[in-house]
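Enquirer: Letter by letter, the chains look like this.
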Amino acid sequence: MLSVLKVIVVTVILLTAVAYTVLLERKVVGRIQNRWGPSRVGPFGLLQPLVDGIKLFLKEDLMPSGVYKPLYVLAPIIALSCALMSISMVPFGENIHYKGVDLFQISDINIGLLVVLGISSIGVYGIALSGWSSNNKYSLLGALRASAQIVSYELALGLSVIGVVLRSQSFRLRDIVDVQAKHGLLSWNVFGGFQLVAFFIYLMAAFAETNRTPFDLPEAESELTAGYHTEYSSMKFAMFFMAEYGNMITVGCVATLLFLGGWTSPFGNFFPAIGGPVVQALLPVFWFVIKVFFFLFLYIWVRGTLPRFRYDQLMGFGWKFLMPLAIANIIATSLWLAFRAA
Amino acid sequence: MHLVLFFIFGGLCVAGALNLLFQRHPINSALSLIVVMSSLAVLYLLLGAEFLAAAQVIVYSGAIMVLFTFVIMLLNAGREERTHGSKAAYAIGIPGAAALFAALTYIFLSNGTHLSSASLGEYLVTTDALSRVLFRDLLLPFEVTSVLILVAVLGAVALARKEN
Chain G
1 MLSVLKVIVV
11 TVILLTAVAY
21 TVLLERKVVG
31 RIQNRWGPSR
41 VGPFGLLQPL
51 VDGIKLFLKE
61 DLMPSGVYKP
71 LYVLAPIIAL
81 SCALMSISMV
91 PFGENIHYKG
101 VDLFQISDIN
111 IGLLVVLGIS
121 SIGVYGIALS
131 GWSSNNKYSL
141 LGALRASAQI
151 VSYELALGLS
161 VIGVVLRSQS
171 FRLRDIVDVQ
181 AKHGLLSWNV
191 FGGFQLVAFF
201 IYLMAAFAET
211 NRTPFDLPEA
221 ESELTAGYHT
231 EYSSMKFAMF
241 FMAEYGNMIT
251 VGCVATLLFL
261 GGWTSPFGNF
271 FPAIGGPVVQ
281 ALLPVFWFVI
291 KVFFFLFLYI
301 WVRGTLPRFR
311 YDQLMGFGWK
321 FLMPLAIANI
331 IATSLWLAFR
341 AA
Chain E
343 MHLVLFFIFG
353 GLCVAGALNL
363 LFQRHPINSA
373 LSLIVVMSSL
383 AVLYLLLGAE
393 FLAAAQVIVY
403 SGAIMVLFTF
413 VIMLLNAGRE
423 ERTHGSKAAY
433 AIGIPGAAAL
443 FAALTYIFLS
453 NGTHLSSASL
463 GEYLVTTDAL
473 SRVLFRDLLL
483 PFEVTSVLIL
493 VAVLGAVALA
503 RKEN
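In the order they appear, the protein sequences are chains G and E. Those letters in the first sequence? Residues 1 to 342, per the numbering used here, in order. Those letters in the second sequence? Residues 343 to 506, per the numbering used here, in order.
Calculated directly from the structure, the hints in this document are not laboratory data. From the three backbone atoms N, C-alpha and C, an ideal C-beta is built for every residue, glycine too. Among the clues, some could well be false.
[To be verified] Examples of chain G residues lying across from chain E (beta carbon under 7 Å, computed):
1) G45
2) V124
3) N136
4) Y138
5) S147
6) V179
Kindly generate the complete structure, drawing on both the sequences and the hints.
Expert: In structure tokens, the structure reads:
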């Protein structure tokens, strides 16, 4: 029973985080563009996500006449469920059991990293089918761009994490973090593991995978109105929106686990352990949340700063630059590991 | 548990394959093929081949089938065959999916002290063991196969290139 409760709690926290990431984005982009962003509803606009949610719930759910109905309804469900599913692999804190239930992770499986990659590769169907079933040229073009982009960048994404896997010799996310735990900041994969290049590739590919600026060609509003979700309204539109932000959070979590040492403190064991067992259990979660927040902020910062790529530039960047670089990184990492082991 | 899961996903696999043949619209057939591929991944998992299962989902369901749907969408094949779904699918579909979900939840909850500890196969082929076989014992066949695939890719490029 406790494990079912855990799933519910994690899902609720994730959905709340999604809602407040939207608010954070509106606030930060607002400040970047020298305006306030939402500031009327509640103190500092903090109740804005709630009001947005109510608005989207109460809007009329339009069903355009030309759509292919089964897939039109199914597409946002696929997108959102794939975005919410991969959080179940993410460990938030140390391996602490209470009454036989792992407190900070929903399911700890040997191939956790591969499962996250697999779920994100299924998620593209939500976008592809929505564009096709909408019976709209803008939607179709957006969906075609999205499928091509995601399939291309998945390759670079998958290859970039191999360096990390080589170092930890495991696909289990807890093992990957444990390798980086020893000396704090210095043993994180991005510094001590010499995976800075892989981190760069992962970050670029992750931006493309989540359809965020500068790679948001599938929903480029100046050319495609809203891309694949042009025909969607009300909660169906909200589901796509939630899927996008849910994916951002998952990608941030995975990047934290793979490159920034997960829940480990940046200071290692430099400071003496303070507080009781509860503080010691919650402190790693605090570090984890800080690191994920850094990624979310980076996403928003990049959105406020960079212009959009052109489509041929996007494809060329993925295939001709990121992929060879990722392969070079794998070769360099394996040579280094073999040299060190010898 | 093992046997029940095998029957559920084996059945799903066969049903998906049959649906693939019976559907008139190519996109529905492509989606059925995705169901087949994903159920196969679960069957691999039941055999203890975890890496193979993940690769099946990532490569087949996630990449190759995306290209299939991509081509179907691009050509917009079979527009005139557009149907609005069968009545049987509407009647059975949602209760069937709910029943399946309930059965799976019951199996997983009753078979482990908590969700994450339910183990699937009786034995496990780790990624480590798999790669040892692939890159040490069967290195030559593996390399020859990869060369073969490379030749096929180059052949496709050569065939598709415009002659000027």
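Enquirer: Now tell me, hint by hint, if it's right for this structure.
Expert: Structure-based check of all given hints:
1. With a least beta-carbon distance of about 38 Å to chain E, the hint placing G/G45 at the interface is violated under the 7 Å criterion.
2. Of the supplied interface hints, the one on G/V124 holds, with its beta-carbon coming within about 6 Å of a beta-carbon of chain E, less than 7 Å.
3. At its closest, the beta carbon of G/N136 sits 12 Å from a beta carbon of chain E; the interface hint therefore is violated under the 7 Å criterion.
4. The interface hint given for G/Y138 is violated, since its Cβ lies 14 Å from the closest Cβ of chain E, which is over the 7 Å cut-off.
5. With a cut of 7 Å, the hint placing G/S147 at the interface with chain E holds, because the nearest CB-to-CB distance is about 5 Å.
6. Hint status for G/V179 relative to chain E: violated, with the closest Cβ pair at about 15 Å, above 7 Å.
Checked against the numbered hints above, the structure breaks hints 1, 3, 4, 6 and satisfies the rest.
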